[in-house]
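Participant: Numbering (our numbering), first residue to last: 1 to 155.
A hint or two may mislead.
[Unchecked claim] In silico BS3-like pairs for lysine-lysine, Cα to Cα no more than 25 Å straight-line: (1) Lys117 - Lys64; (2) Lys153 - Lys19; (3) Lys19 - Lys113; (4) Lys153 - Lys117; (5) Lys117 - Lys4; (6) Lys64 - Lys19; (7) Lys4 - Lys113; (8) Lys64 - Lys4; (9) Lys153 - Lys113; (10) Lys113 - Lys64; (11) Lys4 - Lys153; (12) Lys19 - Lys4.
[As the list claims (entries may be wrong)] Simulated restraints on C-beta separations: (13) Gly68 - Thr16: 37 to 45 Å; (14) Asp98 - Met1: 19 to 27 Å; (15) Gly142 - Gln27: 20 to 28 Å.
Just so you know, the hints here were simulated from the structure itself, not pulled from any lab data. Every residue gets a Cβ at the ideal spot worked out from N, C-alpha and C, and that includes glycine.
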Amino acid sequence: MELKIENWGNVDGQDTPVKLFSLINSQGLILKVTNFGCIVTSIEVPGRNGVREDVVLGYDSLEKYLAGHPFFGAIAGRYANRIEGGRYQLDGEVFQLDTNEVLTQQHLHGGLKGFDKYVWDFEVDEQPEATYIHFSRVSTDGESGYGGTLHVKHT
Numbered sequence: 001m002e003l004k005i006e007n008w009g010n011v012d013g014q015d016t017p018v019k020l021f022s023l024i025n026s027q028g029l030i031l032k033v034t035n036f037g038c039i040v041t042s043i044e045v046p047g048r049n050g051v052r053e054d055v056v057l058g059y060d061s062l063e064k065y066l067a068g069h070p071f072f073g074a075i076a077g078r079y080a081n082r083i084e085g086g087r088y089q090l091d092g093e094v095f096q097l098d099t100n101e102v103l104t105q106q107h108l109h110g111g112l113k114g115f116d117k118y119v120w121d122f123e124v125d126e127q128p129e130a131t132y133i134h135f136s137r138v139s140t141d142g143e144s145g146y147g148g149t150l151h152v153k154h155t
C-alpha cells in the first residue's frame with residue numbers, strides 16, 4: 001500500500017496543520033482522508049473500463065469544508081444525531097449543549113463545533129501488510145456543553 005501525505009492548509013486558531021492523506025492499494029483504489037474532522041474526502045474505485053470513479057460526496061479543498069458542509073464523510077460527535085433542546089441529564093445533573101439547528105433548537109452531530117470541525121492529531125503506522133492512520137484528539141470538559149473529558153481515537 002502506498003501512502004502520500006500533502007499539506008492541505010490551516011484552520012484559524014488551531015496549531016496542527018491540516019493534511020490530506022492518500023492511501024493507494026494494489027488494485028488501484030485510492031482513499032483520501034484529512035485530519036480535519038477525519039473526513040473521508042474521496043474514494044476512487046477503478047471501474048471495469050479502467051476509468052476511476054469517485055464514489056464519495058465530498059469537496060476537493062479545505063476551504064469548501066471550512067465554509068460549511070453537511071457532514072459529508074466526517075466524524076460526528078460527541079454525539080451523532082439530534083438531542084432535543086440540546087439538553088440531557090446524567091446522574092441527576094442536567095447538561096445544556098449548544099444548539100446548531102436554528103428552527104428546532106436541537107443539538108446535531110456535536111453542535112456548533114463538533115468533532116468534524118477540529119484538526120486531529122495523527123500517527124502513521126506502516127506495516128508490511130497494511131498502512132494505518134491513527135487519529136486522536138481530546139475533547140475537554142465543557143466542550144460544546146458536554147461534561148467530562150473524552151480521549152478519542154479513530155483509525
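Participant: Please go over all the hints and tell whether each is borne out by the structure.
Facilitator: Hint check results:
1. Lys117 - Lys64: 12 Å, holds
2. Lys153 - Lys19: With Cα atoms ~17 Å apart, Lys153 and Lys19 stay inside 25 Å; holds.
3. Lys19 - Lys113: Holds, at roughly 19 Å.
4. Lys153 - Lys117: Given pair Lys153, Lys117 holds - Cα atoms ~16 Å apart, limit 25 Å.
5. Lys117 - Lys4: This hinted pair holds, its Cα atoms lying about 23 Å apart.
6. Lys64 - Lys19: 15 Å, holds
7. Lys4 - Lys113: Roughly 28 Å separates the two Cα atoms, so the pair is violated.
8. Lys64 - Lys4: Within the cut-off at roughly 22 Å; holds.
9. Lys153 - Lys113: Distance ~18 Å between Lys153 and Lys113 Cα, so the pair holds.
10. Lys113 - Lys64: 16 Å, holds
11. Lys4 - Lys153: 21 Å, holds
12. Lys19 - Lys4: 10 Å, holds
13. Gly68 - Thr16: 37 to 45 Å: 21 Å, violated
14. Asp98 - Met1: 19 to 27 Å: 39 Å, violated
15. Gly142 - Gln27: 20 to 28 Å: The hinted range 20 to 28 Å is violated for Gly142 and Gln27, with Cβ atoms some 46 Å apart.
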